[in-house]
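Undergrad: The listed protein sequences derive, respectively, from chains A and B.
When we follow the numbering used here, the leftmost residue of the first sequence carries the number 1, and every step to the right adds one.
When we follow the numbering used here, the leftmost residue of the second sequence carries the number 1001, and every step to the right adds one.
No wet-lab data here; the hints were simulated from the structure.
Remember, it's a predicted structure, so these values are computed and weren't measured experimentally.
Think of the CB as a built atom: it goes at the ideal place given N, C-alpha and C, for glycine as much as any other residue.
Be a bit skeptical, because a hint or two may be false.
[As the list claims (entries may be wrong)] Simulated coverage check for chain A against chain B, where a stretch passes if three residues somewhere in it have a Cβ under 8 Å from a Cβ of chain B:
no. : segment
1   : 10-23
2   : 26-38
3   : 47-61
4   : 89-99
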Amino acid sequence: MEIGQLVFAATGLVVLGSAVVVVTTRNLVHAALWLVVTLFGVAALYAILDAGFLAIVQVVIYIGAIAILFIFAVMLTRKELRDQGAQLNRGWWLGALVAVLTFAGLALMVRGWSGFSTLPKAIPAGFDAVGALGNALVAPDAFVLPFEVASVLLLAALIGAVYIAFTRK
Amino acid sequence: MIPLSWFLLLSAALFSIGLFGVLSRRNAVAILLGVELMLNAVNINLVSFWRYGTVTTMSGQVFAIIVFAVAAAEVAVGLALVLSVYRQRNTVIAEEIDMMKW
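Chain A extracted, bound-state conformation (with noise of 0.2 Å):
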């Protein structure tokens, strides 16, 4: 094995192995944590895959912001279940199964895929990423209109969150 597989697969098992402990674990700030391990290894990933302002996006998004205010909302919702009782529903089996089937039916589908084992082209030399990815977001005839829409979304949904638990005296 080449060096960039072993750091691949190196970092792929941490990414799996605290996904799992995320949605096993009892203690539902250990789960926020390890989703924050998770996060870090997806970055790495990006990062494999030479997409670095990707990756520095994940970091200061999903770990700056998401994860922590998981972990507020974790620790404001805490009083009812404190780590006694089930943390997993009767039908528990039943959702295992469904993501057995799904990970066997996704593997199955892009194994018949004839782009299944590509190899990763030559990035051309002189190609700045960040700044073809800047172009894209604003260019009239690219993604400006999603990227708009986008902004909208999130404006909307955080008025919206702020309206909802918000508390009339």
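Dock chain B against the given chain A, drawing on the hints supplied.
TA: Relative to the frame of chain A, chain B by itself:
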């Protein structure tokens, strides 16, 4: 050289783990944690298709950024709903939240 299949299988596995969390956890916050895992699996797929397809076309990365924005919106609204329900019903267990069921 890492073949594309490794990334696809890894993201399929991550998606399935997240799906198990969504279907099997009782705590509503833990269900949202599972949704985050699923969104991350989708993002790995989008970025790896960008890298193994035409690198100069940025669609894969743009879509990944839009997924980031949607994930942030989803988690904000989801956690606000959980907090609001917790204030009214004093529970975050999904099967006990049945105000809209009759």
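Undergrad: Work down the list of hints and note, for each, if the structure agrees.
TA: Hints and how they fare:
1. 10-23: holds (count 7)
2. 26-38: With 5 residues closer than 8 Å to chain B, the segment 26-38 of chain A meets the three-residue bar; holds.
3. 47-61: holds (count 9)
4. 89-99: Answer holds; 8 residues pass the 8 Å Cβ test.
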